[in-house]
Each structure stands twice: as C-alpha cells, then as structure tokens.
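Please construct the entire structure, taking both the sequences and the accompanying hints into account.
Chains as they are written, first to last, in the working numbering: chain A, 1 to 85; chain B, 1 to 116; chain C, 1 to 94; chain D, 1 to 611.
Keep in mind that the hints were calculated from the coordinates and are not lab data. Note that this is a predicted model, so its numbers are computed, not measured. Warning: the hint list may mix true and false statements.
Unchecked claim - Have a look at the derived ranges for each label pair, beta carbon to beta carbon:
{"id": "1", "chain 1": "C", "residue 1": "N2", "chain 2": "D", "residue 2": "L24", "range": "27 to 37 Å"}
{"id": "2", "chain 1": "C", "residue 1": "T71", "chain 2": "A", "residue 2": "R85", "range": "55 to 65 Å"}
{"id": "3", "chain 1": "D", "residue 1": "W418", "chain 2": "B", "residue 2": "V83", "range": "21 to 31 Å"}
{"id": "4", "chain 1": "A", "residue 1": "L69", "chain 2": "D", "residue 2": "H115", "range": "19 to 29 Å"}
{"id": "5", "chain 1": "D", "residue 1": "R575", "chain 2": "A", "residue 2": "R83", "range": "44 to 54 Å"}
{"id": "6", "chain 1": "C", "residue 1": "S27", "chain 2": "D", "residue 2": "K374", "range": "56 to 66 Å"}
{"id": "7", "chain 1": "A", "residue 1": "F21", "chain 2": "D", "residue 2": "I383", "range": "53 to 63 Å"}
{"id": "8", "chain 1": "B", "residue 1": "V83", "chain 2": "D", "residue 2": "L544", "range": "52 to 62 Å"}
{"id": "9", "chain 1": "A", "residue 1": "R85", "chain 2": "C", "residue 2": "S27", "range": "27 to 37 Å"}
{"id": "10", "chain 1": "B", "residue 1": "T80", "chain 2": "D", "residue 2": "L24", "range": "15 to 25 Å"}
{"id": "11", "chain 1": "D", "residue 1": "L24", "chain 2": "A", "residue 2": "A80", "range": "36 to 46 Å"}
{"id": "12", "chain 1": "C", "residue 1": "R78", "chain 2": "D", "residue 2": "A574", "range": "58 to 68 Å"}
Virtual Cβ for every residue (Gly too), placed ideally from N, Cα, C.
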Amino acid sequence: MNILITVALTLVLAGAAVVVFTPVPSRQAVVLSVYGILLAALFMALQAPDVALSQVAVGAAVVPLIVMLAIRKIDSLRAARRRQR
Amino acid sequence: MYPYVVAGAILFLGVIGIARSRNLVHAVVCLAVAQSGTYVLLLTVGYQRGATAPIFQSAPEKAGYAATLVDPVVQALTLTDIVVSATVTSMLLALAVQIAKRHDTVDPDELRSLRG
Amino acid sequence: MNAWIVAAIVLLVAGLGPALLFCARGSSASRLVGLQLAGVVGVLVLVAIAEAAGQPMYLIVPLVLATLSATGTLVFTRTLHQDVRAGQGAGDDG
Amino acid sequence: MTHDQMANALLPAVVVAPIVVACLLLALGRRLDRPTIDVVAIATSAAVATADGVLLSAAGNHRLVAWLGGWRPQHGASVGIVFVGDQVGVGAALVAGVLMTCALAYSWRYFENIHVNFHALMLLFLAGLTGFSLSGDLFNMFVFFELMGVAAYALTAVKVEDPTAVHGALNFGVINSLGAYISLMGIGMLYAATGQLNLALLSRALTARGPDVLVVVGFVAVATGFLVKAAAVPFHFWLDDAHAVAPTPVCVLFSGIMVELGLYGVARLYWVAFSGTLEAGTIQRLFVVLGVVTAVVGSVMCLLQRHLKRLLAFSTIAHTGMFLIAVGSLNPVATAGTAVYVVGHAAVKSVLFLCAGVLLNRFGSVDEFTLQGKGRDARLTGIVFMLAGLGLAGMPPFAVGLGKVMAEEGVVRAGLWWGPVLFLLVAAATGGAVLRVGARVFLGIGRGPGAEEAGAMSGDEEKRELATGMTRLPVTMGIPLTALLAAGAIVGLLPGFGDQAALAAGRFAGRAGYVAAVLDGTTSYGASPAASAGWSVEGIVLCLASVGAAALVALLGLYGTALPRQILAVLRTARPALHMMRSVHSGHIGDYAAWLLFGVGGIIVLAMLPP
Chain A
1 MNILITVALT LVLAGAAVVV FTPVPSRQAV VLSVYGILLA ALFMALQAPD
51 VALSQVAVGA AVVPLIVMLA IRKIDSLRAA RRRQR
Chain B
1 MYPYVVAGAI LFLGVIGIAR SRNLVHAVVC LAVAQSGTYV LLLTVGYQRG
51 ATAPIFQSAP EKAGYAATLV DPVVQALTLT DIVVSATVTS MLLALAVQIA
101 KRHDTVDPDE LRSLRG
Chain C
1 MNAWIVAAIV LLVAGLGPAL LFCARGSSAS RLVGLQLAGV VGVLVLVAIA
51 EAAGQPMYLI VPLVLATLSA TGTLVFTRTL HQDVRAGQGA GDDG
Chain D
1 MTHDQMANAL LPAVVVAPIV VACLLLALGR RLDRPTIDVV AIATSAAVAT
51 ADGVLLSAAG NHRLVAWLGG WRPQHGASVG IVFVGDQVGV GAALVAGVLM
101 TCALAYSWRY FENIHVNFHA LMLLFLAGLT GFSLSGDLFN MFVFFELMGV
151 AAYALTAVKV EDPTAVHGAL NFGVINSLGA YISLMGIGML YAATGQLNLA
201 LLSRALTARG PDVLVVVGFV AVATGFLVKA AAVPFHFWLD DAHAVAPTPV
251 CVLFSGIMVE LGLYGVARLY WVAFSGTLEA GTIQRLFVVL GVVTAVVGSV
301 MCLLQRHLKR LLAFSTIAHT GMFLIAVGSL NPVATAGTAV YVVGHAAVKS
351 VLFLCAGVLL NRFGSVDEFT LQGKGRDARL TGIVFMLAGL GLAGMPPFAV
401 GLGKVMAEEG VVRAGLWWGP VLFLLVAAAT GGAVLRVGAR VFLGIGRGPG
451 AEEAGAMSGD EEKRELATGM TRLPVTMGIP LTALLAAGAI VGLLPGFGDQ
501 AALAAGRFAG RAGYVAAVLD GTTSYGASPA ASAGWSVEGI VLCLASVGAA
551 ALVALLGLYG TALPRQILAV LRTARPALHM MRSVHSGHIG DYAAWLLFGV
601 GGIIVLAMLP P
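Dropping the structure here:
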C-alpha cells in the first residue's frame with residue numbers, strides 16, 4: 001500500500017509541474033483535468049473515496065470546464081475588440 | 001516525510017507558476033494547483049496504514065475496525081477545501097474575464113494601472 | 001501486498017505516466033489523446049484500488065469518473081476544435 | 001434563562017444572524033426595492049453591533065464559551081465547534097459591527113448602481129470578521145478567514161466597470177488565497193503533530209509535547225497566512241492595490257478591522273496555543289523585525305503618494321508595523337495599548353476614508369494635486385478631515401494617542417528602548433502626509449507636484465460612484481463621519497478605559513484561563529493583578545511632539561521645493577532609493593508572488609536562527 005501511495009504522490013508532483021509549466025491556458029486546462037484524475041487516484045489510495053469522488057467531479061471536470069469557458073470568453077472579447085479597430 | 005515534501009513542493013510550484021505567469025488565466029490555474037498541495041498534506045496526515053474509510057456498514061464496535069479508521073476530520077476538511085477552491089477559482093476567473101474586457105489584455109506585464 | 005495493489009501500481013506507472021507525457025507536449029490533439037488515456041486508465045486504477053481495499057462501495061468513484069471522462073473529452077474536443085484546426089493555442093497572446 | 005446562558009446563546013447568534021439575513025436578501029432581493037434592502041442590512045448590522053456590546057459587558061465578568069449544538073469534547077478529543085469570547089475578541093467583533101453599520105449607512109446615498117449583492121456581501125463579510133474574532137478552533141479560524149476573504153475580493157470588484165478595480169481585486173484574491181493555503185498547510189502540520197484543532201486542546205497537547213520542527217514550522221506557516229492578511233511587508237502589496245480601487249465604504253472595513261484581525265489571529269494563536277511551548281525570544285525577534293520593516297516601508301510609501309486612498313492604505317501598513325512591534329514585544333501593557341490603538345485607528349482612519357469618498361463623489365477624483373483648493377467651500381468635511389489627520393498623528397484626546405502612550409510604555413518595558421522614537425516618526429510621517437493633503441485640498445495652499453510626486457499613481461482614474469456630482473453632504477453620510485470622529489475622541493477620554501484594556505490584555509494572554517474555560521467550564525477570570533495604564537505626562541508630551549513633527553512634515557510636503565538649494569541637493573541623493581521602493585509596488589501579480597516566497601523564506605530564517 002505504501003508503495004502505491006509513494007508512486008501516486010510522485011505522479012501527482014509530476015502532474016503539478018506539467019500544469020504549472022504549460023504556458024498556453026487552453027492546453028493547461030486539459031492537463032489540469034488529467035491532474036485532477038491523478039489526485040483522485042492518490043486520494044483513493046489514501047482511503048478517502050468521498051474526497052476522491054468530489055475531486056473527480058469538481059477538480060477533474062467542473063474546474064477545467066470553467067477554465068475553458070473563461071478562455072473562450074476572453075478570446076471572443078478580444079476578437080470583438082480587434083474587429084472594432 | 002515524503003508526503004510533506006510533495007505537498008510543500010506542489011504549493012511551491014504553484015507560487016512559482018504565478019510568479020512567472022504571462023497570462024492571468026494561467027496564474028489562476030496555478031493558484032488552484034497550489035491549493036491542491038493542501039489536500040495532499042491534509043489527507044496524508046489523516047491516513048494511517050492498513051486503515052479503511054470512515055464509512056460504517058455496521059456498528060464500528062461490531063465490525064472491530066474502530067481503531068483502524070482513517071481520520072474523518074481531515075477528510076471533512078479536505079471536502080470543504082475542495083469546494084472553497086472551486087468557488088475561489090471561478091470567482092478569480094470571472095475577474096480575469098472582466099480584466100480582459102476592460103484592459104483588452106490578460107498579460108500581467110501589460111497591466112499598468114496600479115503602479116507606484 | 002495483493003495482486004490488486006500490484007495492478008494499481010503497474011497501471012499508474014505504465015498508464016497514467018504516459019498519459020501525462022502525452023499531455024505535456026505536442027499539439028492540442030495529442031494532449032486530448034493524453035486526456036482520453038488518463039480517463040480510461042484512471043477508471044482502471046480506481047477499480048484496482050477499490051478491490052485492493054476490499055470495499056465495493058469505493059466503486060462509485062470509478063463509475064462517476066467513467067461517466068464524466070467521456071463527456072469531458074467530448075466537451076474539450078468541441079472547445080479545442082478551432083485550435084486543432086488552426087494548429088494554434090487558444091488564449092495564447094501570440 | 002440566566003444572564004450567562006443568554007450571553008452564551010448570543011455568542012453564535014452574532015455570527016449566524018448576518019449569514020441568514022444575507023441569504024434571505026439574496027433569495028428575495030429581486031422583489032425588494034433599494035430602501036428596504038438598505039434598512040434591512042443596516043438594521044441587521046446595528047443589531048449585531050448591539051449584541052456585541054451586550055456580549056462585551058458580559059465578557060467583562062467572565063469568559064463566554066458556547067459549544068454549537070452542545071458537542072462538547074469527550075475523552076480529550078473534540079469535533080464540536082466552539083465560540084469563545086473574551087474582552088479582546090468581542091471588542092474586535094464590536095469594532096467590526098460598528099464600522100459595518102456606519103459603512104452601510106454611508107452607502108445609502110453614496111452608491112447609485114448597486115443592488116442587493118452588495119448588501120449581502122457586506123453582511124457575509126461581517127459574519128466572517130465576527131466569526132474569526134470569536135472562533136475557538138483553528139479550522140474555523142481558517143473557514144472564517146476564507147469567508148471574509150471571498151467577500152472582500154467580491155466587494156473590491158463591486159465597481160466592475162472600473163478597469164483598475166478588477167485588477168486590484170484579482171491581485172488581492174490571488175495573494176490572500178496563497179496566504180490562506182499556507183495557513184492551511186500549517187494547520188495540517190499542527191494536526192499531524194497533535195491530532196487537535198481546538199485551540200484549548202491544542203494548547204494542552206503542545207505543552208505536553210514541547211517544540212520540535214513540525215510544531216515550529218506549523219506555527220510559522222499559520223502565522224504567515226495571517227500576516228498576509230495583516231499586510232506585513234513583504235506580503236502587503238495587495239493592500240494598497242485593493243484600497244486604491246475598492247469602494248470607499250469597503251475600505252473602511254479593510255483598514256479599520258480586517259487587517260488588524262490578521263494580527264489578532266497571530267496573537268490569539270501564540271498566546272493561547274504556543275506561549276507555553278515556543279521560545280519567547282525567537283517570536284519577539286521575528287515580529288519586531290517584521291514590524292520595523294513594515295513601519296518604515298509603509299511610512300515612506302505613504303509620504304510619496306498623491307492618490308489619497310492609496311496614501312491612506314500605506315498609512316495603514318505603517319500602523320500595522322507599529323502594532324506588530326507592540327504585540328511582538330509580548331508585553332501585556334503593549335498588547336493593551338495595541339488594542340486601544342486599533343480602536344482609535346479604526347475610528348480616525350474610517351473618517352479619513354469617508355472624507356475621501358465625499359471628495360470623490362463631488363469632484364470625481366481623489367488626486368491631491370487635481371483637488372488642490374477645490375475643497376475650500378466644503379467646511380464640515382474639511383474640519384473633520386483635518387481633525388482626523390491630527391488624531392492619526394496621536395493628538396490627545398483621541399484614542400490613537402492613548403493607545404500610542406500605552407504601547408510605548410509597554411515596548412520600553414519589554415526592552416525596546418528605541419520603540420517610542422520609531423512610533424513618533426511613523427505617527428509624524430503618516431499624520432503629516434494626511435495633513436499635507438488636507439491643507440492642499442481644503443485650504444488650497446502649497447506648491448505643485450515635484451518630480452517625485454508627479455510620477456506617482458494619479459487619483460484621477462478612480463471612477464466616482466454617483467452619476468452626478470454631489471454638492472451637499474447628505475445626512476446619512478454626515479452622521480457616520482461625525483459620529484466616528486466623536487467616538488475616536490470619546491473612547492480616549494473614557495475614565496478607566498486604559499485600565500480596562502490592560503486588564504483585558506492580561507486575560508487575553510492568560511493561556512491557563514482560556515484552556516480551563518473551554519475544557520473545564522471554569523469561565524471566571526480569577527484574581528488578576530490590578531493593572532493601571534492610561535495617559536501619562538511623558539506620553540502626552542510625546543504625543544504633542546509627534547503632532548508637531550507631523551505639522552512639520554506637512555509643511556515640508558507643501559513648500560519643500562522652496563528649501564535652500566544645498567538642502568535640496570542632499571535630499572535628492574535619496575531619490576534612487578525612493579524610486580526603487582516605488583517601482584517595487586508594480587501592480588504585477590507575478591512580482592507579488594515572488595515577494596511572498598521571499599517573505600516566507602525570510603520568516604523561516606528568522607524563526608530558525610539561534611536566539
């Protein structure tokens with residue numbers, strides 16, 4: 001069990017690094033979703049299925065989606081500005 | 001020891017990400033990553049070897065595993081934390097959208113309104 | 001250490017690891033492949049951990065992940081559609 | 001129901017009531033008209049403030065302890081939620097309630113285009129502030145810390161059409177959230193070390209365990225998060241950005257109580273949980289060093305501003321520095337002085353912000369040079385502003401002066417002989433800057449901007465909060481202004497106020513009493529040594545000296561360019577340093593995050609160095 005947790009921890013750390021060092025936000029949202037799955041696996045290994053469940057729903061699905069929507073909104077705002085000029 | 005290092009490193013990575021971010025959406029996502037460090041710390045604190053989740057199918061005394069439960073307190077804390085994180089993230093993203101609308105940029109290097 | 005734990009570890013290293021790698025580099029399309037892979041392997045890992053813990057109730061988590069990961073990938077594909085075509089990232093300042 | 005039981009029932013009510021009303025307002029808000037919403041919000045806030053007053057008088061006799069739902073600790077473990085009220089905690093809640101009532105009354109005529117969201121957020125903010133002051137366990141402190149944070153970010157961005165407002169709110173949100181996460185990490189570590197979240201149980205467990213690395217790092221992490229809220233340098237960058245852009249009534253709460261509560265959190269944590277464990281010398285050094293840096297940076301930046309609200313924000317930072325030194329000296333008299341100082345500061349600083357709001361709505365600017373001479377016919381606002389400026393510099397009988405006298409006495413007793421000198425300089429710099437602006441705006445005297453001022457952030461971009469300029473001062477804005485100013489003076493004159501504060505500070509620092517009250521139900525304070533503190537002759541002389549120095553600073557600011565050339569040449573040598581300090585405040589979120597890391601590193605080094 002401890003090996004499992006150690007492996008999951010390492011993967012989570014790597015995932016965090018990938019999220020942080022992905023400079024383009026739309027791609028970052030995809031990585032964030034994967035990071036959410038990694039965290040859920042870690043939480044399961046830590047015997048916290050309820051937390052893993054909310055992590056899957058919130059961290060792996062809802063938050064990346066909100067990020068994606070924000071990016072779309074920002075892009076359309078800026079495109080509208082560019083057309084005005 | 002290793003879980004603490006990982007949790008601290010995730011928080012650190014998040015702050016580094018904000019420090020070198022060129023896009024406010026990116027910065028907000030990094031903030032969410034920084035917060036996930038706290039989940040890792042809290043849950044590893046509550047974890048004990050050979051334990052199961054604090055969900056009872058029968059009375060804990062009968063099942064005989066009352067002594068080997070994972071700490072329910074930290075799990076509750078982490079659940080609260082995840083909800084808080086989602087709220088904060090969506091609010092800050094809404095602010096980033098507003099900044100894009102008013103300033104026509106989401107690059108912190110180009111935002112000059114609050115200098116000096 | 002039982003077989004399920006070994007399976008979970010193997011899946012983590014050989015499944016989620018490469019998925020993360022796919023996500024870390026390349027075009028938006030290859031990142032979506034990474035996400036899809038992570039969704040599928042993630043479900044398997046969660047099932048393995050649930051079995052290892054001997055708690056069938058834990059299986060609700062992979063179930064939810066399976067549902068959400070399918071819809072999630074669809075939504076991402078839809079929103080990233082333009083980038084994949086234009087071969088350029090959305091939200092990019094360049 | 002006895003008086004005691006009533007007080008104990010009232011304790012959670014002051015936290016829960018504003019949350020309930022806020023939710024009701026949000027649910028029904030669309031059907032209510034603006035005056036109804038205003039009345040409901042003001043009435044709720046006034047009721048909370050009144051209840052706080054009742055609680056304060058009850059807390060004078062014994063500690064108030066309320067376990068929510070009766071979940072008392074069993075076998076030395078607790079999952080219940082406990083609220084604890086002593087005079088300092090309830091006093092902080094009372095200040096929050098009074099300020100919120102004034103701010104809401106002031107908002108009635110101040111805003112045109114706000115609706116129910118503003119009022120609901122203000123009430124949630126009040127609940128966060130009150131809950132944080134009364135909370136008896138670490139995790140609830142974190143929850144209320146976040147509640148006040150989220151409400152505060154949203155309130156900063158209420159004027160969503162203002163480009164600087166959304167930018168300031170984002171900076172505020174990101175940096176404060178990072179602070180909260182660092183705190184939460186610390187809470188996790190303390191929980192790992194002791195298995196307790198309740199402050200009293202934590203205190204007991206820590207005393208039995210003694211200090212080790214996990215405990216020290218845990219304390220430092222929790223304290224760091226609170227210090228971000230308290231705007232200690234180098235975590236202060238969010239504060240001046242947020243104050244410059246937040247609506248004026250909101251600034252009143254930020255400067256008046258929210259920042260001070262960060263410091264209160266650190267002091268509460270130290271005295272209740274750690275005073276028997278950690279080495280006092282290390283803690284003292286940590287806070288005093290941070291305080292000196294904060295006071296100096298705040299004062300200098302305050303003098304360099306021309307944007308009135310930003311100037312007031314830096315004055316708050318400078319005062320936080322003084323509070324840090326006084327609390328960090330770990331002397332009860334200094335702690336009592338800080339409490340009085342915070343009350344007095346809340347009163348006069350709120351008055352100054354409200355005056356800035358009046359100017360903004362009338363002239364559409366808060367820039368010192370744009371407004372030069374424009375305020376000549378605004379007699380009442382001018383007089384109130386100048387009086388508050390004098391009060392900020394420590395003029396007797398304002399409570400700021402009383403707090404300053406007591407804090408100075410305390411820090412000298414703790415061995416910091418240079419304390420009074422620094423306090424005098426900070427009071428002179430911050431008071432002088434305010435008087436300078438007042439003289440320029442309301443009297444129209446002084447020269448135009450020099451090279452250094454010209455480069456500062458202008459106050460012209462601030463959006464006014466009314467569509468048409470306001471020519472007369474409405475009564476709902478005039479009353480909070482004068483009432484707060486009067487309160488600031490009256491509190492300083494109350495007979496025995498200093499003694500009561502000293503007594504309260506002694507009880508605040510009493511670890512055994514707190515633990516016994518929460519765990520064993522022995523809520524009486526027990527015999528405490530008679531404390532006496534108050535105005536003293538030397539203290540009054542020092543206060544008058546700081547007022548005089550403030551006047552001198554103001555004159556230098558107004559006519560500094562008329563000084564002989566040789567002196568100006570000497571002064572100019574400081575310009576690169578000033579310029580650098582100013583350019584550090586870049587409004588760039590990345591820079592702020594980097595400074596945060598730097599600050600955390602610095603604090604760890606300070607905490608780990610051998611004493």
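Now for the hints, and whether the structure bears them out:
1. The given range of 27 to 37 Å is broken by C:N2 and D:L24, whose C-beta atoms sit roughly 54 Å from each other.
2. Distance hint check: the CB atoms of C:T71 and A:R85 are about 38 Å apart, inconsistent with the given range 55 to 65 Å.
3. Taking 21 to 31 Å as the suggested C-beta distance range, the pair D:W418 and B:V83 does not conform, at roughly 48 Å.
4. Our hint of 19 to 29 Å for A:L69 and D:H115 holds, since their Cβ atoms are close to 25 Å apart.
5. One distance hint, 44 to 54 Å for the beta-carbon pair D:R575 and A:R83, holds here, with the actual separation near 46 Å.
6. Range check, C:S27 to D:K374: about 59 Å between beta-carbon atoms, so the 56 to 66 Å window is met.
7. Between A:F21 and D:I383, the C-beta spacing of about 58 Å keeps the proposed range 53 to 63 Å intact.
8. In this structure the supplied range 52 to 62 Å holds for B:V83 paired with D:L544, their Cβ-Cβ distance being about 54 Å.
9. For the pair A:R85 and C:S27, the supplied restraint of 27 to 37 Å holds, since their beta-carbon distance comes to about 30 Å.
10. Roughly 23 Å separates the CB atoms of B:T80 and D:L24, a value that falls within the hinted 15 to 25 Å.
11. For the hinted restraint 36 to 46 Å between D:L24 and A:A80, the CB-CB distance of approximately 39 Å keeps it satisfied.
12. Separated by about 59 Å at the C-beta atoms, C:R78 and D:A574 satisfy the suggested range of 58 to 68 Å.
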